[in-house]
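2 protein chains.
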Amino acid sequence: MAQTQDKIDELAINTIRTLSIDAIQKANSGHPGTAMDAAPVAYTLWQQFLRYDPKSPHWINRDRFVLSAGHASMLLYSLIHLAGIEAADIGYQDQDGLAVTLDDIKSFREEGSRCPGHPEYGWTTGVESTTGPLGQGVATSVGMAIAGKWLAATYNKPDFELFDYNVYALCGEGCLMEGVGSEAASLAGHLKLSNLCWIFDNNNVTIDGHANITFTEDVAKRFDAYGWNVVRVSDANDIGELAGALNAFLATDDKPTIIIIHSHIGYGSPGKHDTPAAHGEPLGPDEVRRTKEFLGFDPDKFFVVPDGVREHFTSHMGSRGADLRAKWEALFADYARAHPEQAKQIELIRDRELPEDWDADIPSFDADPTGIATRQASGKVLNAIAAKVPWVLGGAADVAGSTKVVLDYEDAGEFQSYGELGDYAGHNMRYGIREHGMCAVVNGMVLSGLRAYDSCYLIFTDYARGSIRLSSLMDLPVLHIWTHDSISLGQDGPTHQPVEQLASLRAMPGLVVIRPADANETAEAYRLMMPHKSRPVALVLTRQAVPTFDRSKMAPASGLAKGAYVLVDADGGKPDVILIGTGSEVALCVAARDMLAKDGIKARVVSMPCRELFEEQSDDYKRSVLPPEIGARVTVEEASPLGWDRYAGPEGIVLGMNTFGLSAPLKVVSEHFGFTPEKVAEAAKKTLGR
Amino acid sequence: MAQTQDKIDELAINTIRTLSIDAIQKANSGHPGTAMDAAPVAYTLWQQFLRYDPKSPHWINRDRFVLSAGHASMLLYSLIHLAGIEAADIGYQDQDGLAVTLDDIKSFREEGSRCPGHPEYGWTTGVESTTGPLGQGVATSVGMAIAGKWLAATYNKPDFELFDYNVYALCGEGCLMEGVGSEAASLAGHLKLSNLCWIFDNNNVTIDGHANITFTEDVAKRFDAYGWNVVRVSDANDIGELAGALNAFLATDDKPTIIIIHSHIGYGSPGKHDTPAAHGEPLGPDEVRRTKEFLGFDPDKFFVVPDGVREHFTSHMGSRGADLRAKWEALFADYARAHPEQAKQIELIRDRELPEDWDADIPSFDADPTGIATRQASGKVLNAIAAKVPWVLGGAADVAGSTKVVLDYEDAGEFQSYGELGDYAGHNMRYGIREHGMCAVVNGMVLSGLRAYDSCYLIFTDYARGSIRLSSLMDLPVLHIWTHDSISLGQDGPTHQPVEQLASLRAMPGLVVIRPADANETAEAYRLMMPHKSRPVALVLTRQAVPTFDRSKMAPASGLAKGAYVLVDADGGKPDVILIGTGSEVALCVAARDMLAKDGIKARVVSMPCRELFEEQSDDYKRSVLPPEIGARVTVEEASPLGWDRYAGPEGIVLGMNTFGLSAPLKVVSEHFGFTPEKVAEAAKKTLGR
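Taken in sequence, the protein lines are chains S and A. To convert, note that position 5 of the first sequence is 5 in full-length UniProt numbering; the numbers rise steadily by one, no gaps. To convert, note that position 460 of the second sequence is 460 in full-length UniProt numbering; the numbers rise steadily by one, no gaps.
Incorrect hints may appear among the rest.
[To be verified] A partial selection of chain A residues facing chain S, derived with a Cβ cut-off under 10 Å:
(1) D6
(2) D9
(3) S56
(4) W59
(5) P119
(6) E120
(7) A184
(8) Q416
(9) G466
(10) T495
(11) G510
(12) R646
[What the hints assert, rightly or not] Below, in silico cross-link-like pairs of lysine-lysine (BS3-like), each with a Cα-Cα straight-line distance of 27 Å or less:
(13) K221(S) - K192(A)
(14) K622(S) - K667(A)
(15) K667(S) - K26(A)
(16) K685(S) - K622(A)
(17) K388(S) - K221(S)
(18) K562(S) - K380(S)
(19) K26(S) - K667(A)
(20) K622(S) - K622(A)
(21) K26(A) - K192(S)
(22) K686(S) - K622(A)
(23) K106(A) - K667(S)
(24) K106(S) - K686(A)
(25) K221(S) - K685(A)
Rather than coming from a laboratory, the hints here were simulated on the basis of the structure. Heads up, the beta-carbon is just placed ideally off N, CA and C, and yes, glycines get one too.
In isolation and in its complexed conformation, chain S is listed as follows:
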């Protein structure tokens, strides 16, 4: 152990290490190596730097610490336990009031423990973001830093430095190899996010071996190229050097910082130190003994927190955090008097609430047989809301003009680091051609209270699924705005035409996928999703114009809230056949209904913009929309048929796409693949045996 550590520091660091290896050994599963080697830096950061009150873990101006190397979860759980972070997430409160008890640590990776295999946001207080999938934590931290800059630029006033939090992310080689990390790093450098610090635990070992079998690039030079400040630490155990590096970050006000720490995986384990074997499996009982002996711990005792360690956390991190938070609360009280309007907004942000009049200007759209694209309608509705809710901000992956997510209300502004293009108080984000990074960044912004949105063409959600999944797993109220939603985008052809994306997204637990049929359903989708305090929504929109239905002759668009509804029923009694469509295909069903009527066939048209919401309705409601006794059904969606049998039933016909698309003008594509009113009517007749 380096000489620069005080005795108590050494004891605390080794407590983190031994708690980690004991928990992993008991679970017989886990990743000790990084928890052991990165313990000193995490400890130094928490004890000396992190502005965090363990008794108020949701304080809005707290520093954030993201364990991007999520497999080292025991490192984080040990810290949460030793720091005495109190349980504050909804839904649990143990007898001690602690977020992580020693019993949780003893039941690491068991059902019910607050110490699952990888850190889970919302399950364990003190976990700022769910991590484990590599690259996600660092990318998400960029969103948190963006939020910090925006909050400061928007709400700080002379004498009121309300927001000045920093964001730290601890990562390993994996996070830096993953493309999502690279995308986010490039964006962070562009935006000069000086409140962001990545700590790279450069232990030179990955699962399959030493990192030099795959990763020989010059990380320092790469980050320099991105516009980052690069700081090196030569000895991962030297607290003085670590503190110096963290101070160098604090002193840098014009760019993000990466601290590259030369470390030894499995530090403390005489037999596995510096070997891939330390990465992803328990040390084994014998090696645990030897490690404890090396670290000066009793090898016959387990889960030991030596006297003085918890107190040491309390007297440093805890008292500093409590003090800072108390001062902040006092400052905020004064701020609320001086700037009541802004203070109210901050409270709304904190509580994930909306201003009362948030929906006052949502337009309704007049009936129009030509209509407008739902992406166009979305742009109008989004702007009407964003003008009322200043913390609605977002943008697209270089297709904002095309996905119609540009905020153009007065003073919407652009989020940029420098003057000519915009500033940190701007609302239009420019994510660049970085879909995966974008979605991770938006997760970080939403984790920070903003109602942030991402946007791209539906097809390129394929690039971002890692982060989209995390928005669902974390149950975050992210707004995904995805356009160009079918083969009907036409000439760009099969590389750009979604086919399998709708089914893929519907398969994801928790994600609400809404594909509105017209402009008014689009408005209703916003009405529905904006008040969400949790639950991500994917709004899936057309490139091409679709008719705006005449609601005086049809059911109101508010039916969208139930996921599916009878848009227009058969004239005169029980329907012979039910036509079920989503999005642009609803208009085909309506036209087919009229054609069928001429042949004396009574057709009901069901608009089904959201299957997830429909499934949540009562059986009675579902039966009223899709009566079981009407087996003649046609479902119509220009996408993979996967999942449509559920609604078509055994006698029904599913009109979908079993192949990729085709580069040709919209009309040609529609006819080629049979998405016309004629074909819908034909299918309806077939289900009726005609």
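Based on these hints, arrange chain A on the given structure of chain S.
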């Protein structure tokens, strides 16, 4: 126009430009900007450097040119047309024998044209890879370069330099912003792929504006950090400078090269030059006129190829290519005499064939109630095949030990650039923690004739869908080997437990998803997929052991080839209920069948490892497996239920996962989510109303 161009060069370059803008104007859709600014470099490369015989476009040692900026498709189509590349892909041969006729160009982006919106491999000869989704082309080019290095290291002999092809990829800002491009670039630098040249058309404009709104990193420094040779061209129109840069690439033998070309989007268009408006829409009739006037073309004529231009291509690129190819064929004839065994292998690679005895050593697995994980079985079968087929090579995204894809037959070796770790003749690829890059690289390797495989945990296919989709769209015989296929991976928890991935992948047209139930089905899956000349296969495998079924009492595993089969039928007559499982859940069904038998209920167990293959069977076969009259059915899969209604039918029960998973030991997870024989039996009784 720069003085350094000869008259005929200038004429040829401007022909590319005017063909491009005419086609885009006529289609009223497309991306003229890059086609215009990058015409000189593409022209210089093709005319002076590319070793490519237009009359033999599939020559195995040809240089590859990948248009990674696929939206500039008209640039490529113009070159293919002017170079006179002959149609050689299966399925088309027009009257001229040309891959792209002037009529194709005139019908750009129309149905049937060989000039679709983005370049499509297999549809248009001369297109080396389908591009358009940004970053894919550059990443795929890395795989082509890897293949080139492997072929050279494996088959070149003294006096027989059979393989020495180079790979060029032309890209824009987007390809460099996308993470998949970064991953591939880092890998290419690590592997020191000196046969790889990326040409970065640095026109500083993206769709939403000038690139400086999102992309201000120092690209040259970043690539230097990756270990690349960086060359700059200050004037995109200076052929001499361009040729100098390409010669600098040729002179570099220890690293890949990126040529950064300072260019002006929409060059030649007086009104749109250097503006985002030049990127993604037709210039407009007036601007087309003005551009032609600027370029010295008659504004009243369209689709003009001036006299001498085609001939100029023939006399340079064409004659050089024909000469090189003829010499190569002679060399290969000599080689075949000197090294008949190797020559035979090269022919098999070229024709996507396998050696006759490729399957001779595939093991069969003895019945065993404990069994082995299907990933274990896969490892044994893969090795048995790879030892017979030297061009089977691949690896994993840093989990090779875990996904069991390490090739351990004698001399399998490791693919590395340097001696201690391996060399270019090695078979074990180390892709690093770069799933997206990995899958794109494998596409490039397979496009080059190798039977390459990728491997990672199933969950992380989410990171790679962009490239997986392209393997399907290009119909490539890629082997995807994905393990840890369900919540049964246990303690790593919900971030690592797949739920929606199976449905997501099944929704993708063309991809064959196989989830074998035991070791012998795993072997059958390899038997089935190895002979594929097209069609990617995703093998989805368990982490945990599953019983190896006693086939003396059950149907043979060869039933897998039909996608689903009756593994074991009800004893004594017609079944009361059908239990349908995939992968590890088949064993649950078998156990449930035995439990039900004790209650006098006759259950049939259907193993359904592959839905795609089952759907291709005759109706008779399908009805024999799933008789319509038996409505009592239970489907069991530890994954999203999406799509299972199709087989469960209206009376059946779908056992699946409607939520994310849980971090706990396997047994606890299974019980928590109800994946036990008892629950399957219970569901069966419920369908029977008991």
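Q | Satisfaction of hint between K685(A) and K221(S), Cα-Cα up to 27 Å | A | Not OK: K221(S) and K685(A) at ~65 Å, beyond 27 Å, violated.
Q | Given pair status - K686(A), K106(S), alpha carbons within 27 Å | A | Between K106(S) and K686(A) the Cα gap is close to 40 Å, so the pair fails against 27 Å, i.e. violated.
Q. Is the hint on G466(A) kept, meaning its closest Cβ partner in chain S is under 10 Å away?
A. Since chain S brings a Cβ to about 5 Å from G466(A), closer than 10 Å, the hint holds.
Q.
Under 10 Å is the threshold here; is the Cβ of R646(A) close enough to any Cβ of chain S for the hint to stand?
A. Given a least distance of 4 Å, the restraint on R646(A) holds.
Q: For the pair we were handed, K388(S) and K221(S), check the Cα-Cα distance against 27 Å.
A: 44 Å, violated
(Q) With the threshold set at 27 Å, check whether the alpha-carbon distance from K667(S) to K26(A) stays at or below it. (A) 17 Å, holds
Q.
Next pair to validate is K685(S) with K622(A); report whether the Cα-Cα distance is within 27 Å.
A. Roughly 25 Å separates the two Cα atoms, so the pair holds.
(Q) Checking hints one by one. Is A184(A) an interface residue toward chain S, by the C-beta closer than 10 Å rule? (A) 9 Å, holds
Q.
Holds or violated: the hint that T495(A) contacts chain S, with Cβ atoms closer than 10 Å.
A. 4 Å, holds
**Q.** Proposed proximity, K192(S) with K26(A) (alpha carbon, max 27 Å)
**A.** Answer violated: K26(A) to K192(S) is near 44 Å, above 27 Å.
Q: With a cut-off of 27 Å on the C-alpha distance, tell me whether K106(A) and K667(S) pass.
A: Cα-Cα ~19 Å, so holds.
Q) Holds or violated: are the alpha carbons of K26(S) and K667(A) at most 27 Å from each other? A) Roughly 17 Å between the alpha carbons, so the hint for K26(S) and K667(A) holds.
Consistency note: the structure conflicts with the earlier hints numbered 1, 2, 3, 4, 14, 17, 20, 21, 24 and 25.
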